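Turn these sequences into a full structure, and let the hints steer you where they fit.
Protein chains: 2
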Amino acid sequence: MPIRVLHIGLGPIGAAVACQVATRSGFKAVGAIDIGAAKLGRDLGEVVGLERTLRVRVSDDLRAVVKATRPDVAVLCTSSSLKTVWPQIEAVLKLKLPIVSTTEELAYPWWNQKALSRKIDAAARKAGVAVVGTGVNPGFTMDALPITLTGVCQDVTSITVNRVQDARSRRLPFQKKIGCGLTTKQFQSRVDAGTVRHVGLTESIAMIAGAMGWKLDKVTDEVKPVVSDEGISSPLLSVAPGLVCGLVQDGKGYVRGKRVITLHMEAYLGAPESYDSVHIEGTPTLAMTIAGGVHGDVATASIAVNSIPKVIDAAPGLHTMRTLPIPSWFGGRVR
Amino acid sequence: MPIRVLHIGLGPIGAAVACQVATRSGFKAVGAIDIGAAKLGRDLGEVVGLERTLRVRVSDDLRAVVKATRPDVAVLCTSSSLKTVWPQIEAVLKLKLPIVSTTEELAYPWWNQKALSRKIDAAARKAGVAVVGTGVNPGFTMDALPITLTGVCQDVTSITVNRVQDARSRRLPFQKKIGCGLTTKQFQSRVDAGTVRHVGLTESIAMIAGAMGWKLDKVTDEVKPVVSDEGISSPLLSVAPGLVCGLVQDGKGYVRGKRVITLHMEAYLGAPESYDSVHIEGTPTLAMTIAGGVHGDVATASIAVNSIPKVIDAAPGLHTMRTLPIPSWFGGRVR
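Order-wise, the sequence lines are chains A and B.
Position 244 of the first sequence, counted from 1, bears residue number 539 in my numbering, the numbering being contiguous throughout.
Position 296 of the second sequence, counted from 1, bears residue number 591 in my numbering, the numbering being contiguous throughout.
One thing to keep in mind: the hints can contain errors.
Unchecked claim - Here are the simulated DSSO-like cross-link-like pairs (lysine-lysine), alpha carbons at most 27 Å apart as the crow flies:
#: 1; chain 1: B; residue 1: Lys-334; chain 2: B; residue 2: Lys-389
#: 2; chain 1: A; residue 1: Lys-323; chain 2: A; residue 2: Lys-409
#: 3; chain 1: B; residue 1: Lys-378; chain 2: B; residue 2: Lys-553
#: 4; chain 1: A; residue 1: Lys-510; chain 2: B; residue 2: Lys-323
#: 5; chain 1: A; residue 1: Lys-323; chain 2: B; residue 2: Lys-510
#: 6; chain 1: A; residue 1: Lys-510; chain 2: A; residue 2: Lys-471
Derived by calculation from the structure, the hints in this document are not laboratory data.
Remember, it's a predicted structure, so these values are computed and weren't measured experimentally.
Structure representation (structure tokens):
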């Protein structure tokens, strides 16, 4: 029996999730919710760019769709902001559905939004289902993966993670989110407004610290522009000389004044080498590198889909990637 | 309140586990079982090489020790062989204690020893506690870690893991286990007898296949000697020219005639470069390397200790590393 999936939110990530659910074994899309007028009433397969219909019509009526289709789980991909997503989570939990969400701020909300975390946890327990926020980052490369690596350590004194990406291969919203094409002044005002930045460094730092048992007394998250001196193009946009082509962002976590967690991100058009690396200082010291890095868009959709069976089986409440069994690809097909 | 730990088996790995439990925050050694005459009646701290006593006397009476000390968990490090360990597991489960064990064949016994796996699972459920086999390998580098990496994949077509170790830095029993100092003829007869080999490749292959949903129709596990032409020494032993200085072992898993899992180990004195690497062929393809590799002895003891809280919290039954939440270092101390 395939797992019956309800899709909520059909932007780029939600659409990528829906494509995987429609094409991978073990799943069946049974419902789709989006408020976009251009999507409402159309077939899900068509909306997400598949070459076939899925006999699922996009609706904006959550309750009616759940009653009619009896899904096993909801995958929620509507916003990075937990405050925005909370009413949606609440509505889904009232219908007693477990939730996998790619909302970045849900990946580990216990540091930045403790009161809301408690509310979600209580609502999930009351509904008797589990909720988790996941994605490639936050959710994997800069938190769950380094946490996993410490499993073979007798002692850990500090953790450093680097994620360097040539943004030319990423989708347009990502390229815009990192400030491509802005002046440095525009960049700064958008950073101040919170619209240009990677969302999740604080969440990743708090997740790592929670796993290690470290009580953080300070977390910083700083964004700086990368300016293209000569101009640079991606297949999707061009950046003129002197304009911003991406960002460098540093998150740092401190315990009693000592920096113990350092998360360093570079995402800009033309970064010379993409990679993810983790350095754990401890016993033993570990130095891990993923050459080429983990591609963000495919990976976020994948880990959301791969988390579905774990969330269905999990104890009720608000989970994070460090409280679930390892989500892994599954499917059984061998080509 | 620290977790109260009962140590069963005080060989090199059991002793390393006991040292960690005695020195890390969050744990307290309350009992120790070993049948060795040289250890019986002595203080655990002294037996495992700590510079202080632990006020725990080594005993051979499991039932009496459990009654007197009321441990929360048993850590069992007595043998690689599940058949040897099963009566010990049964005895511990009758006393309703959860178990973390470094028994290699327990890491994923569902392929090689299905009937015994069912017995252990049933006994654990009856006792209302969880049992898990773990270690660096099997248990991490060649199974849990590659499984974790597939979490960001939309599709996986094959998995290759390499573990290459210069054995000069490993303990003497390990160097002997890989055949150091034998003639090639002696090596082959010990391979045939099953005393010279790494135990766990089949278990790792089966764990990966289980996670991926792959139904294996063939698993192979082949050991070959590495001969030192010029002779080589470790701090612990010398290998004369022409004798064996370690081994190369290859495990392969097939689905419908196609090889989908390849685990390649090299462990010999003087291997030019130690590393662990994972290559996942899929969408996306991932290439991960841990430079220097994960040191086996420290890592096995660490992951056993780090798994303790996960096993205490887990649902009753026989678990594997892929059914528990990520074990990670914890302790909270910042130096």
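Here's how the hints hold up against the structure:
1. Lys-334(B) to Lys-389(B): Holds. Lys-334(B) to Lys-389(B) sits at ~25 Å (cutoff 27 Å).
2. Lys-323(A) to Lys-409(A): violated, 34 Å
3. Lys-378(B) to Lys-553(B): Violated, at about 31 Å.
4. Lys-510(A) to Lys-323(B): Within the cut-off at roughly 22 Å; holds.
5. Lys-323(A) to Lys-510(B): holds, 22 Å
6. Lys-510(A) to Lys-471(A): violated, 35 Å
The structure shown violates the earlier hints numbered 2, 3, 6.
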